[in-house]
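Enquirer: So the sequences go chain by chain: A and B.
Residues in the first sequence are numbered consecutively from 1, following full-length UniProt numbering.
Residues in the second sequence are numbered consecutively from 1, following full-length UniProt numbering.
If you're looking for bench data, these hints aren't it; they were derived computationally from the structure.
Keep in mind the model is a prediction, meaning the values are calculated, not measured.
A few of these clues could be false.
DSS-like mimics (lysine-lysine), calculated; alpha carbons at most 30 Å apart, straight line [to be verified]:
#1 B:K240 <-> A:K130
#2 A:K130 <-> B:K9
#3 B:K134 <-> A:K130
#4 B:K77 <-> B:K63
#5 B:K63 <-> B:K240
#6 B:K134 <-> A:K85
#7 B:K77 <-> B:K128
#8 A:K130 <-> B:K74
#9 B:K77 <-> A:K130
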Amino acid sequence: MFELFAYGDAGWGDEILRGLAITVQLAIVTLPVGLFLGFLAAFASLSGLRPLRALGFGYTTIMRGLPEILTLFVVYNGAGLLLNKGLRWWNPDAPPSDFSPFAAGVIALGMVFGAFAGEVLRGAFQSLDKGQVEAGRAIGMTDRQIFRRIQLPQLWRFALPGLGNLWINMLKDTALVSVIALDDLMRMTKVAVGVTKQPFTFYLLACLIYWAMCVLSEVVLAQMERRANRGIRRAV
Amino acid sequence: MTKPETILKAEDIHKSFGRLEVLKGISLEARNHDVISILGSSGSGKSTFLRCLNFLEIPTSGKVTVHGEEILVKNGKPQNVRHIEDIRSRLGMVFQQFNLWTHRTALENVMEGPVQVKREPNAEARDKAEALLKRVGLEDRMHMYPSQLSGGQQQRVAIARALAMEPDAILFDEPTSALDPELVGEVLKVMQSLAAEGRTMIVVTHEMGFAREVSSEVVFLHEGRIAEQGPPDEMFANPKTEVFERFISKVK
């Protein structure tokens with residue numbers, strides 16, 4: 001049975017590993033995009049300006065209400081159409097170009113991550129101690145200084161558990177990109193199953209790999225939380 | 001004898017929350033070396049008044065002048081917003097709940113204002129912060145986080161933090177009310193030494209001992225107005241108003 005997983009032409013080891021690499025790349029590239037969108041959404045929904053607030057809440061509400069796979073299709077097909085329209089407007093003779101499934105995956109997963117992260121960050125922001133903000137004001141700090149020196153460093157502590165959950169969710173959601181023909185771990189597993197007719201073996205392998213990634217993430221996250229809580233847990 | 005210089009002047013401060021008028025026109029003047037205790041039962045508006053002095057609460061109307069810089073407020077709108085941060089940096093504030101920054105050590109808490117607001121060089125701010133923490137008796141706690149300190153120690157760090165800005169006056173908002181009874185003394189002792197040093201202080205407090213023995217003037221607020229005001233000996237010996245008489249008989 002082990003020859004099935006062999007590295008090289010005979011087995012599926014190299015294909016599965018390449019799929020895993022794509023999955024990990026996708027998740028790692030999506031994270032900063034999602035965090036950035038999350039911060040934008042959080043600031044928008046906490047803004048004093050009503051239109052900005054509406055925009056922030058609108059974005060989080062709509063994105064959270066859509067099935068991820070639908071978002072992915074809309075981005076992949078919609079963005080592809082827009083791209084070609086744009087190209088032809090710029091140069092009417094441009095050949096139709098395909099929107100990269102990887103980019104579509106990053107954008108779609110990033111948008112979903114951003115919507116949920118926006119809520120996590122907004123909640124974290126609101127649970128910060130108001131007294132500490134007042135103390136900053138009382139010594140004459142500007143709003144910017146208060147944000148950078150007092151709020152942001154503590155935001156992390158409140159947001160980390162929620163963001164950790166989102167990361168693990170997103171890691172698993174990467175499997176959805178297999179439906180737009182990105183050769184990730186999920187798709188390579190399906191190919192292997194199709195060829196070898198051994199669904200149980202390969203799906204079990206995929207399960208173990210996804211699960212291992214999640215466990216690894218949880219270990220790292222637990223350490224980050226410990227670091228973020230320095231000086232807090234060691235109470236008198 | 002020359003008249004001591006006026007440090008802080010508040011004129012006709014009004015503050016409403018919605019339809020509830022909490023402050024109904026309060027004026028107060030603090031001269032150099034004054035220690036003014038503000039007394040009053042809960043709901044009298046004493047904390048609100050103190051918070052209006054450094055614009056943590058924006059008055060509905062009135063005028064605050066600190067060191068010649070004045071801010072006039074009409075209809076809840078300060079006329080020169082840009083002076084607010086300036087006035088705040090000239091007035092230290094010590095809060096009931098200490099409000100130390102929990103992600104920074106005692107030393108970092110004290111250095112933050114001088115470095116960030118006054119742009120002092122790090123080394124200079126550090127020397128000053130160390131001296132101030134020594135001054136409040138915490139030389140062996142400088143590198144601890146607030147959560148590792150007792151309430152009394154935290155409040156002393158907060159006092160050092162206010163002093164680090166070299167303020168013209170320090171506002172104290174019920175500085176001992178959140179402390180366990182056995183920790184009140186250490187904070188009062190520091191405050192007393194500041195008064196002896198000639199610091200200008202405005203203190204909202206329930207500590208009658210402090211008001212009587214340390215302050216140069218007592219202001220008694222009742223329902224958003226100053227009901228009685230004067231030197232502590234006179235006021236406590238013969239209260240002129242019935243409300244103040246009732247107040248001191250209750251807190252004794």
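Enquirer: Hint by hint, note whether the structure agrees.
Expert: Hints, one by one, checked against the model:
Note on B:K240 and A:K130: the hinted pairing is violated, with a Cα-Cα distance of about 40 Å set against a maximum of 30 Å. For the hint pairing A:K130 with B:K9, the CA-to-CA distance comes to about 28 Å; that is within 30 Å, so the pair holds. Straight-line distance between C-alpha atoms of B:K134 and A:K130 comes to about 29 Å, which keeps the hinted pair within the 30 Å bound. With a CA separation close to 11 Å, the supplied pair B:K77 and B:K63 stays within the 30 Å bound.
Annotation: proposed proximity of B:K63 to B:K240 holds, straight-line Cα distance about 28 Å (limit 30 Å). For the hint linking B:K134 to A:K85, the alpha-carbon distance of about 70 Å lies beyond 30 Å, and the restraint is violated. Simply put, B:K77 and B:K128 have alpha-carbon atoms about 37 Å apart, too far for the 30 Å limit, and the pair is violated. Restraint check: the Cα-Cα separation between A:K130 and B:K74 comes to about 26 Å, which is no more than 30 Å; the hinted pair holds.
This hinted pair checks out: B:K77 and A:K130 have alpha carbons roughly 22 Å apart, not beyond 30 Å.
Hint compliance for this structure: hints 1, 6 and 7 are broken, all remaining hints hold.
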